[in-house]
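J.: Line by line, the protein sequences give chains X and R.
The numbering used here puts the first sequence at residues -5 to 428.
The numbering used here puts the second sequence at residues -5 to 428.
It cannot be assumed that every hint is accurate.
When chains are identical, the list treats them as one kind, so a pair holds in a single copy or across two.
Stated by the list, open to error - Simulated pairs of lysine to any residue, SDA-like, Cα-Cα distance not exceeding 20 Å: (1) Lys382 x Ala179; (2) Lys115 x Gly29; (3) Lys342 x Arg395; (4) Lys36 x Glu248; (5) Lys107 x Ile26; (6) Lys165 x Gly237; (7) Lys380 x Ala362; (8) Lys247 x Ala354; (9) Lys165 x His269; (10) Lys380 x Ala21; (11) Lys301 x Gln379; (12) Lys247 x Phe338; (13) Lys342 x Ser146; (14) Lys115 x Leu391; (15) Lys162 x Thr188; (16) Lys137 x Ile26; (17) Lys301 x Ala179; (18) Lys77 x Phe105; (19) Lys137 x Pro31; (20) Lys234 x His269; (21) Lys342 x Ala324; (22) Lys137 x Arg326; (23) Lys42 x Leu62; (24) Lys115 x Ile407; (25) Lys285 x Lys301; (26) Lys137 x Ala21; (27) Lys335 x Ala25; (28) Lys137 x Gln379; (29) Lys247 x Ala189.
Hints were generated in silico from the structure; no laboratory data involved.
Note that this is a predicted model, so its numbers are computed, not measured.
Protein chains: 2
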Amino acid sequence: MNSPVKIGLLGFGTVGSGVWQVIANNADEIAIKTGCPVQISKVLVRNKSKYETADIDVELTTDIQDILNDPDIQIVVEVIGGKEPALTYMLAALGNGKHVVTANKDVVAEFGKELFDTAAKNNVDFMFEGSVGGGIPIIRPLKQCLAANRISEVMGIVNGTTNYMLSKMAKEHIDFATVLAQAQAQGYAEADPTADVGGWDAARKIAILASIAFGTRINLDDVYVEGITNISLEDIEYAKEFGYAIKLLAIAKEYQQNDGLAVNVRVHPAMLPCHHPLTAVQDVFNAIYVKGDAVGETMFYGRGAGKLPTASAVVGDIIDIARNIQHHAASRILCTCFAHKPVFPMEKTESPYYMRLLVADQPGVLAAIASAFGAQQVSLHTVVQKRKVNQFAELVLITYRVSEVNMQLAINILRSMSIVAEICSVIRVEEDIK
Amino acid sequence: MNSPVKIGLLGFGTVGSGVWQVIANNADEIAIKTGCPVQISKVLVRNKSKYETADIDVELTTDIQDILNDPDIQIVVEVIGGKEPALTYMLAALGNGKHVVTANKDVVAEFGKELFDTAAKNNVDFMFEGSVGGGIPIIRPLKQCLAANRISEVMGIVNGTTNYMLSKMAKEHIDFATVLAQAQAQGYAEADPTADVGGWDAARKIAILASIAFGTRINLDDVYVEGITNISLEDIEYAKEFGYAIKLLAIAKEYQQNDGLAVNVRVHPAMLPCHHPLTAVQDVFNAIYVKGDAVGETMFYGRGAGKLPTASAVVGDIIDIARNIQHHAASRILCTCFAHKPVFPMEKTESPYYMRLLVADQPGVLAAIASAFGAQQVSLHTVVQKRKVNQFAELVLITYRVSEVNMQLAINILRSMSIVAEICSVIRVEEDIK
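In isolation and in its complexed conformation, chain X is listed as follows (with noise of 0.2 Å):
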């Protein structure tokens, strides 16, 4: 057995107590598989004497310069969260040749250029399979199992708390701010859910996945982001009426622009034909699909956060570092970028459209509405109305497929349209219906 990898932990709350707690576990199956023992030697705390009660036999500092400057750490496991100082801290441990670990997709989402840049320029490794999914394998296998493949399209349901309020929301019959404060008293979301419930949390993770699947740097800024506040019940039983499941999706896909490539990527809910295998994940899970040209369409499925589920992935990727570092085959696959896609704008994205909106109870209205659509080119393929909601006539409709910029001209028609309270909603349909 070779001489110990050790590792310098940076922060020790959920997933860092996470992360020791699997390299405890587990630790002699990880030597014999990497062929040396995998040590947590330093571990960087805010406050030392919180911890000083916990049976945890390691060195805790609270001067980033211990980890750093310690010439026998080889791995520095950053699992702060957030931009800063983890940012700073893991320049500096590659800048000093370590080889980093991170779950944190802010930084990654924002940074990973940069990372990655510093990573190669001093011959070591940057990985972050923790950073999209939690446990669910995901980087690698598009780094790397699926590097045969042209992608065309990643989808996933990648924001756990999303998930589990449309869940409950369908399967319980209760609103949206009903669910939403009972994910709060869960700890299943946040008391600002601002960034769950608002699509940000999917927007980083899908800018990560786009990157690796397309080869080309997406940034948080160039996601199309629309969160799922607006979802009320009606819409998921009207969905449910039409064979459909209303999900959270972040979807990033290739597309032909002027002889060339372009890539659009973006999260917002939409209806998913209740065949689709992401909708059968349900509750916190997660799951990625992926549609390549050679493997067809493929999905990974899992717990998407959670102390052991991240940690499962931080561990994994130590376990491949300290391979590497056996067979002095550091930076192996480092990013994979190569090439310069633009962004495909929203506009110019073609789907389905749900639309439930309230209009004056009178004779002629679907007909005008319905010429309101024609003379934007919007076609309707569904027009369903149920119900009288106060004075008015509840219309539920789907187009068919159209381009965003012809929906929004009609939606800002229809808004101008004095037969028209109200717009309830508007909900993508990820359908082909031509």
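Put chain R on the given structure of chain X with help from the hints.
T.: Frame of chain X; chain R shown alone:
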């Protein structure tokens, strides 16, 4: 760009021509990812004249020595299938210092150790991602991404033919013989369907997965195998009524035994509760469900066979080896069977059972049957009697969890009872009914 990595391709059938096509289609991207072009330089075929008109720019040969002795060929890709001559060719290639990629489940399941030993001795790579689950990434996720976990369970739908048949029986209410004839007509099932419907194809695949997941060599002989030939439409419809789907499952689980760990590996039809993610796997799709102590539940889904999906896995392995060649890191990860865990005997496994039987339609029969079960410590959870079949009453029951040995004793006793006309089916239930 470094000098090309050259490949000798053994076999140009379905998968072989798929490998050729994937490399041809995505050559530029593959070269950028690996840092060197990847080229098929020679193809071993049985009959050269068959390819005279084919538009393939490569040297064809009918002599394996042309490839084995070509010093420029670094990777040999075996896609002939079957045991021989595939095994001999692969051992010779490894012995000549060539890396080997295969999609051959027969050889990997039965001669994995020999192949790995030869690879290790010659410091070359041996990879086989395509041997299980076609294009679904599963070997690399188990060996790398989930390496931090102690895996407790691997459960897969790994045979597309039988999953297609069972899905079609359930959807279209047709019986086994009809669906088999249809599957044969459509090319989904072979003229001699034994390997698929008898469970032997699945057995080879789960032997491979179990060896990796539990780090101990599982041979084909270690696998308990039961096929789907006895599954009737009646059972499928009763299953649905009870909230289950019948799937041919390949299962590997770790058990405590005499202060150590043992592994049970089996293939049999099972009733799976409809909330289990594997029940959503329809038609020819495959999926492998993996449970680990850190990651919890994960699932890997996709097309488990076919020209391009299998080629996706094979070329993914080629890319991985090409990357290893660039980094002088050959045989970075070889055999991971470091432990020797005995086989946990089938008799000692426990599960609830579904049974359908025809009994005399007279008073006291149910009591007699319940007491026969009770004498073997088998408790009944559900008993349904709905209809008569000829002059008999059809009894459908589900037991609580019971050991295999007790269940078999109970079955033997029932068979000897004059009031029991026929035990139509006995199917394990993959749910913990305690």
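J.: Next step is simple, just say for each hint if it's right about the structure.
T.: Verification of the hints:
1. Lys382 x Ala179: Neither, since 35 Å and 53 Å both go past 20 Å.
2. Lys115 x Gly29: between (27 Å within a copy, 17 Å between copies)
3. Lys342 x Arg395: Within one copy, since 12 Å is at most 20 Å while 57 Å is not.
4. Lys36 x Glu248: Answer is neither: 44 Å inside a copy and 34 Å across each miss the 20 Å cutoff.
5. Lys107 x Ile26: So Lys107 and Ile26 pass the 20 Å test across copies only (18 Å; inside, 34 Å).
6. Lys165 x Gly237: Both, since 15 Å and 17 Å are each at most 20 Å.
7. Lys380 x Ala362: The answer is within: 18 Å in one copy meets 20 Å, while 56 Å across copies does not.
8. Lys247 x Ala354: Answer is neither; intra-copy 39 Å and inter-copy 62 Å both fail.
9. Lys165 x His269: both (18 Å within a copy, 13 Å between copies)
10. Lys380 x Ala21: neither (62 Å within a copy, 55 Å between copies)
11. Lys301 x Gln379: neither (47 Å within a copy, 48 Å between copies)
12. Lys247 x Phe338: within (9 Å within a copy, 47 Å between copies)
13. Lys342 x Ser146: For Lys342 and Ser146, only the intra-copy Cα distance (17 Å) is at most 20 Å; the inter-copy one is 48 Å.
14. Lys115 x Leu391: This pair counts as neither: shortest intra-copy Cα distance 55 Å, inter-copy 67 Å.
15. Lys162 x Thr188: within (19 Å within a copy, 44 Å between copies)
16. Lys137 x Ile26: between (25 Å within a copy, 12 Å between copies)
17. Lys301 x Ala179: Close inside one copy (19 Å), not across copies (50 Å); limit 20 Å.
18. Lys77 x Phe105: within (9 Å within a copy, 50 Å between copies)
19. Lys137 x Pro31: Classified as between; 17 Å across copies, 27 Å inside a copy.
20. Lys234 x His269: both (12 Å within a copy, 18 Å between copies)
21. Lys342 x Ala324: neither (42 Å within a copy, 46 Å between copies)
22. Lys137 x Arg326: Result: close both inside a copy and across copies, 12 Å intra and 17 Å inter.
23. Lys42 x Leu62: Close inside one copy (18 Å), not across copies (62 Å); limit 20 Å.
24. Lys115 x Ile407: Cα proximity of Lys115 and Ile407: none, with 55 Å in one copy and 74 Å across.
25. Lys285 x Lys301: Between copies only: 16 Å across chains, 29 Å inside a chain, cut-off 20 Å.
26. Lys137 x Ala21: between (27 Å within a copy, 16 Å between copies)
27. Lys335 x Ala25: For Lys335 and Ala25, the Cα distance is within 20 Å only across copies (18 Å; inside one copy 42 Å).
28. Lys137 x Gln379: Result: close neither inside a copy nor across copies, 48 Å intra and 55 Å inter.
29. Lys247 x Ala189: neither (23 Å within a copy, 39 Å between copies)
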